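Residue numbers (the working numbering): 19 to 191.
Rather than coming from a laboratory, the hints here were simulated on the basis of the structure. Keep in mind that the hints are not guaranteed to be accurate.
To be verified - Distance ranges between label pairs, derived from CB positions: (1) A164 - E117: 36 to 44 Å; (2) Q70 - P170: 19 to 27 Å; (3) A165 - W116: 35 to 43 Å; (4) G166 - T75: 32 to 40 Å; (5) S146 - G166: 35 to 43 Å.
Just so it is clear, the structure is predicted and the values come from calculations on it, not from any experiment. Yeah, the Cβ is synthetic: ideal placement off N, Cα and C, and Gly gets one too.
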Amino acid sequence: MRTPTSTLTYPETGATRLDRLPDGYHHLHHRTRVGRGRAAFEAAATAVTTWQMHRATGARVRAGSPHAEPGTAVELSVGIGPFRFHAPCRVVWTEHEWERTGFAYGTTDGHPERGEESFTVELRDDDSVWFTVTAFSTPARWYTRAAGPLVPLLQRMYARRLGAALRRIVAAG
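Work out the full structure: start from the sequences and follow the hints.
Set out below in structure tokens:
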């Protein structure tokens, strides 16, 4: 796993927090309802910020902290055997508010992509709880360039899988 001082591989650090995604990247925005009420919000917020949501999808997570905190090194890996892809990142921002919690990580050296991805949970005025994935990325390795339009499709599928996993975690209480 990379250290927290690993170099970010893109210059637009924090762009997912502002929701003004930079030009020149593939953009991803996926939102799904995961529950209702304060208890659902708290459960979802905990699952997102403790890596539980990622692990519930089958991803392996190695993190320098049990909670997402700015500067935390994290490496996610997905796949099987020789088809396991490792994605080293560093947490670039976190937010812990009464009605919104989340974080973003940015890619570091060795990641197959360059960019940033955020995961937020919001409690709306109507008591609904929403999970949002926002990202911008571009290929950083020969194999992600060669995969072309397949990469954004896989990213969208993974975002949906994260939402479904979070819905299951919230439903389980």
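Hints and how they fare:
Range check, A164 to E117: about 42 Å between beta-carbon atoms, so the 36 to 44 Å window is met. Under the hint 19 to 27 Å, the C-beta atoms of Q70 and P170, about 26 Å apart, fit the expected range. The beta-carbon spacing between A165 and W116, approximately 41 Å, falls within the hinted interval of 35 to 43 Å. Checked against the hint of 32 to 40 Å, the C-beta distance between G166 and T75 comes to roughly 24 Å, which is inconsistent with it.
Here the CB-CB span from S146 to G166 is close to 37 Å, well matched to the stated 35 to 43 Å.
In summary, the one numbered hint that this structure violates is 4.
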